[in-house]
Structure formats: structure tokens, C-alpha cells
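Asker: With chain A fixed as given, assemble chain B onto it according to the hints.
Protein chains: 2
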Amino acid sequence: MEATEEVQRTFEIGVVVPKRIRDQVGEGYGHDCVEVLVDEFHKVGLIIDRVAGLHDEFIKLAAPVEILGKAAAELRLKKRTHIGVDIQFEWDEADAFIRQADGSFFSWCERFRCYNHMIYGIVNKSDSAIILKSNCRDVRWEPGEPLVWKLETEAIVKEVFPLHDERKRKQLLKNWAFNWWDFTNQPIDEIYAYYGTKIATYFAFLGMYTKWLFFPAAFGLFLQLVDFGYLQLFVLPFFFIFIISWAVFFFQFWKRRNSTLLARWQISYSVGAESAYKYMDMEWSSFHSSVGTVKKLGDGKTKEKVNIHREEWFGRMMRFRNDAIIILSIICLQLPFELAYAHLYESIRNDIFKFGLTAIYLFAIQYLTQFGGKVSVKLIKHEQNENSEYRANSLVYKVFGLFFMQSYIGILYHAILHRNFMTLRQVLIQRLIISEVLENVMENSLPYIKYSYTKYRAVRTKRKREKGPSVSPRKSYFTSRVEKEYFKPRYSASIGEEFEDGLFDEFLELALQFGMIMMFACAFPPAFAFAALSNVAEIRADALKILAMYRRPVPRVAATIGAWLNIFQFLIVVSICTNCVLLACLYDSEGKWAISPGLAAILIMEHVLLLIKFGFSRIVPEFTLLVGTEWVKANRMKNATQAQNMCSKQLLRNISGGRGAFATDAEKTTTEKTATEKID
Amino acid sequence: MEATEEVQRTFEIGVVVPKRIRDQVGEGYGHDCVEVLVDEFHKVGLIIDRVAGLHDEFIKLAAPVEILGKAAAELRLKKRTHIGVDIQFEWDEADAFIRQADGSFFSWCERFRCYNHMIYGIVNKSDSAIILKSNCRDVRWEPGEPLVWKLETEAIVKEVFPLHDERKRKQLLKNWAFNWWDFTNQPIDEIYAYYGTKIATYFAFLGMYTKWLFFPAAFGLFLQLVDFGYLQLFVLPFFFIFIISWAVFFFQFWKRRNSTLLARWQISYSVGAESAYKYMDMEWSSFHSSVGTVKKLGDGKTKEKVNIHREEWFGRMMRFRNDAIIILSIICLQLPFELAYAHLYESIRNDIFKFGLTAIYLFAIQYLTQFGGKVSVKLIKHEQNENSEYRANSLVYKVFGLFFMQSYIGILYHAILHRNFMTLRQVLIQRLIISEVLENVMENSLPYIKYSYTKYRAVRTKRKREKGPSVSPRKSYFTSRVEKEYFKPRYSASIGEEFEDGLFDEFLELALQFGMIMMFACAFPPAFAFAALSNVAEIRADALKILAMYRRPVPRVAATIGAWLNIFQFLIVVSICTNCVLLACLYDSEGKWAISPGLAAILIMEHVLLLIKFGFSRIVPEFTLLVGTEWVKANRMKNATQAQNMCSKQLLRNISGGRGAFATDAEKTTTEKTATEKID
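Taken in sequence, the protein lines are chains A and B.
FYI, the working numbering numbers position 426 of the first sequence as 426, with every residue one higher than the one before it.
FYI, the working numbering numbers position 58 of the second sequence as 58, with every residue one higher than the one before it.
So that you can see chain A by itself, here it is in the shape it has in the complex:
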């Protein structure tokens, strides 16, 4: 294993530093900043390749498996062992741990954590500050200060980003992105190995969703093409019941599939897993201090409890306030705006005015949603959410609320108030085909344009600086792949980079499409066929995008579709209600059906209450009430990790060294103690 690793050394992390301007070398005191950095990387054990670019220099980093193992042991990374339990990693007992499917030792996510730990773990171990020089600037590297962090704040290290692995990337391009005839099948395990859990989960979901979509697509097309005569009356309700059951079953089976995938990838996913992604220093320090805490807790228990309770309730109040702000602003600001547009569009006869109105509208909502997203991000920052996963979920709910109103209110207006099914179908077709195709094209071309522009600008600046007429062809500037990657845009969400990556946009697109086809299923059954086709294209387009257009994304730990599952479930409930309204409108084309206003008021109240009940028990407890009181959690969690860590070494020795020796573990302790202490 180690031998193969040696042969095909793949550089996985790139560090961007400014190119040295030759004139200043050797002047005065102090060390050159980049040289020190490279030197420190060498000391850690990383393998280095330096590439000069147009303006910047790129330090490509790779690590032998032993170095990664050492970092993993320092990080107290938990890995699945052969007996099926997750245990803290120890390099000496490496045989006890299960390898990845492709034979490598660490998954991409684990490797990334190790790299991060090594790169950001370089501190000034000497007693005095070291003066670093970089192109006319001096930086004081204080004792105990992390080097890369320091250089990042001084804007000397411009970026640290994961690099594509050309071999694997080309393989994935061949097997996945250009493998159109596989339809919904994808090499999920390879995607997992290359991109980590979260992206693999998205593509697994997309593939399964598209596969399942073929059933209602066929049914919908069948309904459209065949005339059922006098049975026509009963066909639509049947279709309605069919798609609701289809959706309910699909999500149950998705949960199954998700847990199967997690088992295959040897991941035990729990609520707190996201936090493992951060550096565990904090956890570790609390472990050391907890010996004292145990006693301290006995005395100050009530006081601490009161504090924790107060914090918990304060956080809950803040969340409640934020939710109220978002919900009220959606209802009071966005709803009238959307209705006004829908009404104007309906009442204007002139096509040119219509076009102008739509242009203004599109321009306005572009800004409105961005503004809404920014406000949500701001609000969430003030919430005291436990971990970044809760935060991301909170953001997803809030932003989805905005898009929900924006996407569906206009359509519902056409359907219900005007009973204008022709416009409704037009809008549906338009949104499904044109917007999806356009979006796909945009999604793929926009990053390429960005990339080209960045490249063009870099070349122009370079030319300007050289000031001479450069006769050499443009191409010669880009000898290095790493620079090309650096010019590529990051895989980030359109609403804000803090909590989510580009998958947010992908999931949003999927959820809006799902809502569109489910909520208006009875008005336009063939929509499912459009969605299925568009998704088959989406799979390959997304694959191409993520492989060719963007930098390699930072691997994320989340291994379920998270908050989106609740949103999909919510859309199913909403679609039950909207389809009933549609059916009523469809069958009552002459407007003869009457409903007393009192009864209508009661029905509206019922539906509002049902939605509140559903929303409250589905979405709210998920991240507030169900987790129990914070005090309970704080009390429980404090020592659970610690205890497991303490005994893991012992256990590990038993698994790796002779698997039958469970009973005689005590004897081995003393002999192997010295070996383990070396690494500690």
C-alpha cells in the first residue's frame, strides 16, 4: 500500500503565496517568508512541489500515509475498526482499522482534516519572535503563533485550497460525467472517495429520485395521451392518490438507502458528527480539565445549571424572534409583491408591457432574494445554535421560505383565483423546461466565464507589467495545472458562503422542481416526464460542473440530506392541499360549485392549524425541543467522548495484535506501552 502511495504521489493541497521579486533576496536581516514556510512543511513531513505561476507561486503539498497517520492520531480521529466499532486512531495499531474501498487508508475527508491539522498546526516553537520577510514587508512571527494563520491574516498566504487529482478526475469524467447511457446510475462509491460524503449523498439522492420519477412520468404521459371517455372523471383523483403514495414511499425508501450507504462507507452518523469536523482542541482541553470539573460540578451545580438554563431560553427566544421576523416579512412584504405581479401580468393585455413587467419582476426578485438571504445569514449569526449543522439547517428553512413564496404564489394565483388553467400550464411548462435548461446552461457556463475572465485579467496584468510586446502565444503562460485550478471559482452557495456550499443551490433547485410537479400534479400530469428528463440531464451536467468547472470542493461531513428531507415532506403535505383545490377548480369549470363563506372560513382555519401542527412537530423540535434541555445534554456529553477515548488504546491493541487475544489483554500492556508512548 505504502509503495503505491510512493509511486503515484498526488498533491492534494495547494498553498498560494506571492512570487518572490528577485531583487530583494539577501537584503538585510530576517528570513524569507516562503522559504520558512516550505521549510516548516518539510519539517512536518510533507512532500512539496513548488510551481511558479503568473503572479503567484504555488506550493503543492502531499503527505505519505505515515505522516497522515501521525496527524490522525494527534487529531484523535475516530475510525471504524474490524470489529465494527469506531475507535480513536493509533498508527501503531493501523491494522485494526478498515481500509477504504479503493485500498487507501484514509478517506478524502479524513485526509483533508489531517492536512488541515498539519498545515495550521505549525507554530513558532522557539522562544523569540522570528522576523519573516516578504516582498518589502516584515512580519513578526510570535512564539506559539500558528504560521499559516498569521500569513493568511497578513495576506501573504492568499489561499489554501484542495487540489484536483488529475488521474481520478479524468477517470470520473469518463465513468460518470460523460457516461450518458447509464441514465440514473452513477459510480457513487468513487464519487464518495473523491468528494466525500455530502456530495456523494446528493448525487445518490438525485439518482434515486430520478429513477423513481420514471413511474409517475410514465403514468402522467399515459394520462395525457389516452382519452378515457366517461372515466376521465376518476382518472385524475386516482393519479393524485398515486403520486402522493409514490412520494411518501420514495422518501421512506430514501432513508433506507441513505443508511445503507452510510453503512457501506463505514460512517456512523450522529447529530454531533459535524462538530468532529472542527479541530478537536477544545474538546481535548475540556477532557484534561474535566478531572477538576467533576469535583467543581458538585459545588457549583445549581449555579451552573441556572446559567445554562438561562442561555438555553435566551437562544430559544432569539430563534423564535428570528423565525417570526422571517415569517412576517415573507407574509407582509413578499406575498403582496408576488400577488401584485401575478395580478398585473394577468390584467395587462399588451405583450410588450408583459415582457417589460416580467423583466422588471425578474430584476427585482433577484435582488430581493439576495437581500433576504443576507438578512437570514445575519440573523442566524446572532442565534446561539449549537453547531454549524443546526445553523445550516436554520438557514435552509429560512431561505426556502423565501423561494417557496416566490416560486409558487404566482402559480397558485393563476390556478385558484382566476381558474385559468391554460396560463397555469404555460407557466409550468415554461418554468420546467426553459428555466431548467437555462439554469443548467447558466450553471455550467457562468463558472467557465468567471474562470476565463480571471485568467484573461491575470494574463493582461502580467503583460502590462512586462511592458514589452510579448510575441509568445498566450498558452505558454499556463504551464501549470495548479494555476488553472486557482483561477477556477469556488463551489459555493449563491446566498452566502458561510454555512453552505454549492449543494445548497442544487438542493434548492431539486426541491423547487419537486414542489412544482407535486403541487400542480393534477393540473398538468406530464410535468413528471419533463422533470424526469431534465433530471437525467441534470445528473451529468452537475457531474461535469463539479469535475471541470469548479475547484475541488472542501469535503463536508454531513451524510444525510438534512433539513431538505423535512422540506420535501412539507411539500408533500402542501401538495395534498393544493391538488385538492386544483381538482375542485377543474371539475367545477363552470363555477357552479358553491361553498358557504362560513364553511370556507372554517376550512381555511383547519388547514392553517394542520400546517402549524405539522410544521411544529416536524421542523421545530428537530433543533430545539427534542434535544432535551441543554443542561441535560451538557451534563451527558461532557464525559462520554472522554471515556471512550481513554479506553480505546487498550481495545485497539486487542484487535490489531492477534484477534483471538481478547482475554489476555492485560499482559500485553506493559510490553507495548513504550511503543505507544513514542507517538504520544
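A hint or two may mislead.
Which copy? The list can't say, so a pair holds if one copy fits it or any two copies do.
[Unchecked claim] With a Cα cut of at most 27 Å, we get these calculated DSS-like pairs of lysine-lysine:
#1 255 with 303
#2 613 with 211
#3 255 with 613
#4 450 with 174
#5 462 with 19
#6 374 with 19
#7 450 with 488
#8 19 with 378
#9 484 with 168
#10 488 with 70
Calculated from the structure, these hints are not laboratory results.
Answerer: Just chain B, lined up with the frame of chain A:
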């Protein structure tokens, strides 16, 4: 601690054996059965008190805390330690474990498990069978056979049952059952210490529910007493929204309270906790064999996987079939029957006929529900449910379905079809007051009557046997408290003893009451006041019943209200729908409101779909789909326990012996090894 235990020796387990008939002592070969039993108990270390009763002899057992500790270590019982983690118990490191609130070492549930382990763990250790004699009968006690199990199958040991602790029982009677002025407050921790988690959880729920019930009760009474004039129209919808929000919030806060209680009792409750209640021999043996299994799994993985998959799907099919049988029989058999009764009751004018009809109906449903319960129990036995908790939940859902139809369909009939609100209110009042009062009286008197009858019969048989005119007063027969307890009935469910104890009936009563007041809230707001009053009485009546009328119940591990929570949530959703119907009927007293049949059909379809969606996502995944594939579980669970057990000893030593010595654990291993091996 041990000293106090010695002083107030309380006998906690009673074993019933036949009284020896004096004539046969000393005859022939073999040992006397009871003497052998007592001897073996002595050998285990139990303290024995023998009491002669009318026909039987009672062996009362107590255990010093060291003996319990030894049994707990053998059982590999997990206990909460001072660092907050659950670790396998070791007597030598007893200081590491947290004591109960009352200062004792083991909770009642743990003690019961230890007693069971000791009593049923007595096996014939000699090489040859031992002949035991008991009143003219010979029993061959084969080598390796558990003694008590053998004697139970031979009907010599009639019963092994937990005994009341007179001191604590009297204290609870004073503090709890007769403490009427506390209203909803109860000494939950004392109840927990005496009865274990499940019963304490029930009373905590009952108390909190009753306390919360005072709000809608006051509101309901206020609505009844005050005339709002022209605002009357808006008052009822407001009340409706209020009670729905009240119910939603109540259950969220109950979840909170439940987790707080669990934290206070130092219980970490997980899905698999129920299985810990059984003897862990199976688990233990799988631990020993798993060393081999790890390798075997590598080869036969696919085959085993296929098998597990097949079993899983077969089990799911069986469950689905059973659910379908129950649902269909409820809809096709019970629904017409209930409707027929309601219709007849409405159409018959003669009061005498009405009375007769009701009598016949009550007689019929008595048998029908018992029959339905029996069928459910039978069906569930054929299901391959993972553990007894799932089974109990499955039974709860099925039996509640029966009672749901039985209790509410007639009332709904009055409300909707006949719009007869007077009859509806009458029925509600009748059910709430009369039936609850009657039920309480019955609940309390029935066990007493049973007890008196058993006692009377025993005395009569005794008298007959003695054949002489006994002049001594009756009382003299009952010198022993243990015999009185033996004559008391067991605390068991009315539908079948296998899966549930008496709490099933209590929860059923609560759920039916909750459904009654919630579903018809708008028709009769003061119902909440009746319910609140009846529950205040119920708390003390149930306390009295469980303390005085029944034997001490076997402690059960379940520490949440389990399936009942889902049923309560379901009732909230149903009550949103029924109250809307009621409101529509109420406001439309002249029958002027019209609804087109097409619209009505669509609305009905919508509600059916919503209920299916709700039911599917709430109740079904709970015990089938959400747990992931069985294969995943089997693969995961196999080693998790084992690994924890392996390292727990090591960890324990660190906690108990010098809590600061976390780092230097390895040194202590050799010195303490001999100490631990003694107990192993």
C-alpha cells in the same frame, strides 16, 4: 451504607412452594425439594425467611448489597459512573458508580434483575442427576439444569413474585396516596425508587397532564358561564385554536420533562434498552463467538446478508398483513356495528327499549374488544419484532384502533349526521363523569373483591381439610403479610398479560379521555373541567390501587410513554378535523350551508390522504423503516456492546481509584489484575 442495609433487612422477593406434609419426611432416598431450594439459596448468599401459610410455604428472600453487586457484575449490568458514562458494573470499583437518590446502591429495577439472575441461575453443578422429593412426587434435577425453572415447570414452585416493602409502602401511602391536598404534585422520585421507571413515568405524565389541564378547564368554564353577546361567534374558533396550541405545546414540554426525569434518574434511554431487561446470556455468548464470526463474516457475508434481508422483508410483510387485517376488520366489522347501535339508539323512542339496547350493546362490546385484543395478541406473536418493546407498541396501536372506533364513532354520528348537539353533550357528560367515576370505583373495588374471594376460598378449603369445627377467629389464619400479598391480584392489563402490565389500561383511559375532550372541544368546552377534576381524583385513586390493591408490580425498563405519545399526537390531528366539522355544524344550525357533492368528495379524499401521510410518517417508520435495514443494524450492533464491555474495566479503575490518575492507568493493570480475577 452496608450497615444500614444490614439493620433494616427488607425481603424483596417471595417464592411460593407447597407446604410439607409432615408424614413423608425422612422416607426413602432423595432430598426434600424445598430444603434443597433453601440450601441453594443460602449457598448463593441470599438471606432467607420461611413463613408457613394456609396451604403454601413462603420463602422470603433478601440479599446483602455485596451479593447483589456480585450478581450485577455477572450480569454485566451497566451503571452510571461519576464521570457520567455508563460502565459495566464491578464490585471492586463500586465507588466509581453513582448511588441512588435514597442512598442505596442499586435501583429497584437493577435489584430485581440481580435477584432474578441469582434465583434462576442456580444449576445442578454435580455430575449426576439429583432426585428431589416433594409431597409424594419425585423430580430428577439433571446436571446443568436451572433448579427454579425446573421446579416451576413441575408446578412445585408456584410463583416467584416481588414483595412489598412495608415501611416504604406505608410512607408512600401517607405521602402520596392519601396526600389529597397536593393536587397534582407527587413524590415522583420516591415512586421511581419504589416502582421503577415505567410506573413513575406514568404518574409524572398524569400529574403534568392534569396540571396543564387546568388552563383549558378554566377557559372552558369561563366560556360556559359568560355570555359574549354578538362576539359569541368568534369565541368558539378562538377556543379551538387555543386548545390545539395548548395540546401541541403540552406534548413538546412533556418530552422535555421526560428527558429531565431520565437525567435525574441517571438513565440513558435508547431504543434497545428494553432488551437489557432480559438475561444477557445470549449477548454474552455471541461476544465469545464473535472472534470467530469476524473471520466467518468475510467469507459468508453475501449469503448471510441475503438471509437477513429475506427475514427482514418477510417480517415486514407479516406486519403489513396484520395491520391490514386489523384495519379492515375494524372498518368492515366494527364500524357498521357501532353505526347500527348509534342509529337504533337515535331512532328508538321508548326509554325501556333504549335501556335494553344499551345493555345488549355494552355486553357485546365487552366481548368484542376482548376478542379483538386476543386476536391482536395472537397476530403479534407471529410477527418477528425485534424486541418486546416493539411488540408492546404494536399491540398498543392495534388495540387502540379498536377502542378508538368504539368510543368515538357513535358520538361523531350524533354530531355530524343528526346535528343533535343535545344528545352529543349528554353522551359526553355521561361518559366523562359517570363512566370515569364508575371506572375508578370498579378499578379499585374489583381487585379487592378478587383478593377477598381468593382469601375466602383459601380459608374455606383449609377449614374443610381440617374437618373440625374451628372456633378460632378467621383472622388467626393470616398471621403473615406475605400470604396476603400472594392472594392479591397481579397488576396486569385487561387485554392480555404477555406484553403489557396494568399501565396499559391506565394509559388507554387517559388517551380515550384526551380524545373525548379534544375531539369534541367545540361542542362542550366545560368537558376540560370535568376531565381535570376526574384526573385529580385519578392520581390518588391509582396511587391507592397500586399501593394497596395489587401485588408489587414487576419493574419495567421503558422510561418514556412510548407508543402512547404517537397516539396522543394522532388524536390532536384528528381533533383538528372533527372540531372543524363541529364548528360547521354548530354555526349552520338551520342547515342552510351547502356544499356541492363533488367538493365534499374532494375534501374527504384530502383528509384521508392527510391522515395517511401523518400516520405513515409518525407511526410506521417508528418501528420499521427508520431503523435502517436489518442488515446494517445486525452488522453494527454485533460488536458495539462487546467493545464497550472490554474496556470498561480499565476505565473503571481510573475513576474509582484516584480520579486524577487518568494518564497512569497502564501501571496499575498488573497490580490490580489479581483482584479482579477473583470475581470473574
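Asker: Have a look at residue 450 and residue 488 and pick one of within, between, both or neither, based on CA distance no larger than 27 Å.
Answerer: Only inside one copy: residue 450 and residue 488 sit 7 Å apart there, 84 Å across copies, limit 27 Å.
Asker: Within, between, both or neither: how does the pair residue 462, residue 19 come out at a Cα-Cα threshold of 27 Å?
Answerer: Answer is within; shortest intra-copy Cα gap is 12 Å, inter-copy 107 Å.
Asker: Should residue 613 paired with residue 211 be assigned to within, between, both, or neither, using CA atoms and 27 Å as the limit?
Answerer: between (32 Å within a copy, 22 Å between copies)
Asker: If the cutoff is 27 Å on CA atoms, where do residue 488 and residue 70 land: within, between, both or neither? Let me know, please.
Answerer: neither (32 Å within a copy, 67 Å between copies)
Asker: Please sort residue 484 with residue 168 into within, between, both or neither, judging by C-alpha distance up to 27 Å.
Answerer: Intra 17 Å, inter 79 Å, cutoff 27 Å: intra-copy only.
Asker: Please sort residue 374 with residue 19 into within, between, both or neither, judging by C-alpha distance up to 27 Å.
Answerer: Close neither inside one copy (36 Å) nor across copies (83 Å); limit 27 Å.
Asker: One pair to classify: residue 450 and residue 174, alpha carbons no more than 27 Å apart. Within, between, both, or neither?
Answerer: within (25 Å within a copy, 80 Å between copies)
Asker: Check residue 255 against residue 303 for me: Cα-Cα at most 27 Å, and say if that holds within a copy, between copies, both or neither.
Answerer: Between. Shortest inter-copy distance 24 Å satisfies the 27 Å Cα cut-off; intra-copy 42 Å does not.
Asker: Measure nothing new, just compare the shortest in-copy and cross-copy C-alpha distances for residue 255 and residue 613 to 27 Å and report within, between, both or neither.
Answerer: For residue 255 and residue 613, the Cα distance is within 27 Å both inside one copy (23 Å) and across copies (16 Å).
Asker: My question is about residue 19 and residue 378: at a cut-off of 27 Å on alpha-carbon distance, are they close within one copy, between copies, both, or neither?
Answerer: Neither, since 37 Å and 80 Å both go past 27 Å.
The structure fails hints 6, 8 and 10 (numbered hints given earlier, in ascending order).
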